[in-house]
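Residue numbers (numbering that gives the first Met the number 0), protein chains in the order written: chain A, 0 to 93; chain B, 0 to 93.
For the record, the hints were derived by calculation from the structure and aren't laboratory data. As the structure is a computational prediction, the values presented were derived from the model and not from experiment. Each residue gets a CB set at the ideal place from its N, CA and C atoms; glycine is no exception. Please note that a few of the clues may not be correct.
Here are a few chain A residues that face chain B, going by a calculated C-beta distance under 8 Å [what the hints assert, rightly or not]:
#1 T8
#2 I23
#3 S26
#4 M73
Protein chains: 2
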Amino acid sequence: MKKFYATATVRFKKSVLEPQGKAIQLSLAEKGSHEFTLVRVGKYIEVELEAPSVDEAKQKMEKIAGDMLYNDVMETCEIHVSERKGLAPSGAEG
Amino acid sequence: MKKFYATATVRFKKSVLEPQGKAIQLSLAEKGSHEFTLVRVGKYIEVELEAPSVDEAKQKMEKIAGDMLYNDVMETCEIHVSERKGLAPSGAEG
Numbered sequence: 000m001k002k003f004y005a006t007a008t009v010r011f012k013k014s015v016l017e018p019q020g021k022a023i024q025l026s027l028a029e030k031g032s033h034e035f036t037l038v039r040v041g042k043y044i045e046v047e048l049e050a051p052s053v054d055e056a057k058q059k060m061e062k063i064a065g066d067m068l069y070n071d072v073m074e075t076c077e078i079h080v081s082e083r084k085g086l087a088p089s090g091a092e093g
Numbered sequence: 000m001k002k003f004y005a006t007a008t009v010r011f012k013k014s015v016l017e018p019q020g021k022a023i024q025l026s027l028a029e030k031g032s033h034e035f036t037l038v039r040v041g042k043y044i045e046v047e048l049e050a051p052s053v054d055e056a057k058q059k060m061e062k063i064a065g066d067m068l069y070n071d072v073m074e075t076c077e078i079h080v081s082e083r084k085g086l087a088p089s090g091a092e093g
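Chain A with its partners taken away, still in its complex shape (with noise of 0.2 Å):
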């Protein structure tokens, strides 16, 4: 078995309101900054886990990402999984 480090990055789907966000921007805006014109608050998930291979790994997240780390009705969910710590970055789809 080997240790793999992965990340699970959760949005909110771009139609889905997302309130902690709003009021962040919102409370921005109060305070005179009116330039962030938006602020989407989501998860991100660091993971350690051990697995015969890098593949077995990324499954075995995509099964519990599905499970408990995310609705999928409602949001989305991005994961990189990385034999190095630190490697996996997130979120970073256009």
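Mind docking chain B on chain A? Use the hints.
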């Protein structure tokens, strides 16, 4: 003014117990998945803002981050700013 895309990845400091991640890890262990040796949940904040330059955009982000996006006693915050959406990696420190 130009539009910038920023991310702030907020994570609990290593010395701080992160209860949500611990709960996920225990739940996985109860289901027999003991290969997950660490789970930590942080925040992934996406911001769109306008600024004259990327340096000023970064300064604005650092200001609001300190003010309202994270608690520097218990958390760390990694900020990335880019002119193009989706190119701001996050949480990628070693």
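Ascending list of hint numbers which this structure does not respect: Hint 4 is the one this structure does not satisfy, whereas the remaining hints hold.
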